[in-house]
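Engineer: For reference, the chains in residue letters:
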Amino acid sequence: MHRPIHELTDAFRRGETTPTAVTDEYLRRIEALDGGIGAYLTVTRDHALAAAEAADRRYREGRPLGPLDGAPITYKDVLCTRGVRTTCGSKILERFIPPYDATVVTRLGAAGAVMLGKGNMDEFAMGSSTEYSAFHPTRNPWDVSRVPGGSSGGPAAAVAAGMAAAGLGTDTGGSIRQPAAFCGVVGMKPTYGRVSRYGLVAFASSLDQIGPFAQDVTDAALLLEAIAGKDPLDATSLDDAVPPYAASLQAGVKGLRLGIPDEYFIEGMDTEVERAVLAAIDVLRGLGATTERVSLPMTKHGLAVYYLIAPAEASSNLARYDGVKYGLRLPGGKDLIDMYGRTRAAGFGPEVKRRIMLGTYALSAGYHDAYYGRAQKVRTLVRREFEQAFTRVDAIVAPTTPNVAFKLGEKQDPLAMYLNDVFTLPVNLAGLPGLSVPCGFSAAGLPIGLQLIGRPLDEATILTAAYAYEQATDWLKRKPSLA
Amino acid sequence: MIDDRDVDHVARLARLALSAAEKARMRKELSAILSHIDTLAEVAVEGVEPTSHAVPLVNVMRDDDVRECLPAADALANAPDRAGEFFRVPRIIED
Chain A
0 MHRPIHELTD AFRRGETTPT AVTDEYLRRI EALDGGIGAY LTVTRDHALA
50 AAEAADRRYR EGRPLGPLDG APITYKDVLC TRGVRTTCGS KILERFIPPY
100 DATVVTRLGA AGAVMLGKGN MDEFAMGSST EYSAFHPTRN PWDVSRVPGG
150 SSGGPAAAVA AGMAAAGLGT DTGGSIRQPA AFCGVVGMKP TYGRVSRYGL
200 VAFASSLDQI GPFAQDVTDA ALLLEAIAGK DPLDATSLDD AVPPYAASLQ
250 AGVKGLRLGI PDEYFIEGMD TEVERAVLAA IDVLRGLGAT TERVSLPMTK
300 HGLAVYYLIA PAEASSNLAR YDGVKYGLRL PGGKDLIDMY GRTRAAGFGP
350 EVKRRIMLGT YALSAGYHDA YYGRAQKVRT LVRREFEQAF TRVDAIVAPT
400 TPNVAFKLGE KQDPLAMYLN DVFTLPVNLA GLPGLSVPCG FSAAGLPIGL
450 QLIGRPLDEA TILTAAYAYE QATDWLKRKP SLA
Chain B
0 MIDDRDVDHV ARLARLALSA AEKARMRKEL SAILSHIDTL AEVAVEGVEP
50 TSHAVPLVNV MRDDDVRECL PAADALANAP DRAGEFFRVP RIIED
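Residue numbers (numbering that gives the first Met the number 0), protein chains in the order written: chain A, 0 to 482; chain B, 0 to 94.
Any given hint could turn out to be false.
Said to hold, decoys possible - The calculated EDC-like cross-link candidates involving lysine to aspartate or glutamate, where the alpha carbons are at most 16 Å apart (straight line), are:
(1) A/376 to B/45
(2) A/324 to B/28
(3) A/376 to B/37
(4) B/27 to B/48
(5) A/299 to A/384
(6) A/299 to A/350
(7) B/27 to B/45
(8) A/324 to B/37
(9) B/22 to A/350
(10) A/376 to B/41
(11) A/333 to B/93
(12) A/376 to B/48
(13) A/410 to B/28
(14) A/299 to B/37
(15) B/27 to A/384
(16) B/27 to A/412
Hints are computed from structural coordinates only; laboratory data are not their basis.
Everything numeric in this text was worked out from a predicted model, so none of it was measured.
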């Protein structure tokens, strides 16, 4: 029953099954499997069944809303859902009930999508393993002793394990692409500004972007089409027309110029990942793409730039959790300042505190120019060298991550955890679109991701290339074996 | 490198009442992260404009129209403490 949305909704149209029947099966599967995976923080059973029933009616009356009508999906718990608890994986928002929907939730709702629940995540999207969720970790469906990646580990694992047909996550430094790679699903971060961030609980506002998790590239294209476009409620959302991504997937890669960055094949990376990615590039070449080496020497500074800019923005964004307007408050403070300090110390977990401290330090008097100011300048250089590369190539191909999914508890040192994102975070710094598509498995049976990076607003090219690759291979047919 | 006074100062700015154990750990971890970050000093940035935003949007304008906004009851619904239509906070001014 677990199949891509475009197949499900075809079956709905043909009357072979109904949104209610499929939603019911997904809910049953969540009940049976999620105890062992931990992909969900909240399951919205009644909500889902009511939405599915409404979709049933539309199909019966012969007027479905479109290709997503009746599709059961999951939202990362950083996306506000009206009347449904939105925790951000944090104790400080454990009981927060948003009074409005995020724009992406409104848009998918209007397209007929059925919300199954809210997906687990690293607290405030800060992490690469979903171990930093304040509630429980999520396990990788391919090997439950390993992490699903993060920070959007819940939605990624749910789609991989057949506990949602698709999902939405957020990507600030790799938080969609890295878990997509670790879980063997398709994950995409659109161009900064392509998708409205209204109702996305802010982490690093100049880097955050919402995007889809999907079982195949067609679904990713359909979901992006539904959520993209200008939103008057987000001044940073872009006005540019949204192209018909799904309809143009079959354009092929003949003559497409792909750049292979030297700096994304580094010493210390997993040789199985390197081999799988190089083999995938050969497949694309066989389909008519041309390749050339490109150089992105600032890649090695990406991590340092990111770990100044993202925490700086986070330290400012998270100042709103003050125990006054919403969220946790610790009672009995001797004055207001004392109440703030105690509430925030109790409500935030160790990684969030670490980043607030780092960001506050980087912005503080005497250090601002040396740290934050310098990072913003190097960010310009990161952006420029991508621009340079895109004068010669149409897209860049690289590994999504330097390694396959690691074991729970394996990365105790914060810096070791951060190093997981070296191949994904430059894309956020430059505001580019990037996606991860499965390109093989390690000998131990763990998924490997191929990353495609495009020019600003050129999601169409990387989706088309990923589609061509997907059609030429059958990695997506492999599913994890779960009890 | 970061010392105990830095940690105290930054924790105060960030409104985080950290325990002694947390402070000790923070000093160690932030020092390690900052020593990695210090590699940025190698990069020549003279004359480079800073990027605050990857997309060159400036001054996004809209008409100054009145539109519906969040009702007060909804805005207050998640408040940990309230009095009528107000958020209630611990006293900040002595009688």
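Engineer: Report the numbers of all earlier hints that the structure fails to satisfy, in ascending order.
Structural biologist: 2, 4, 6, 7, 8, 15
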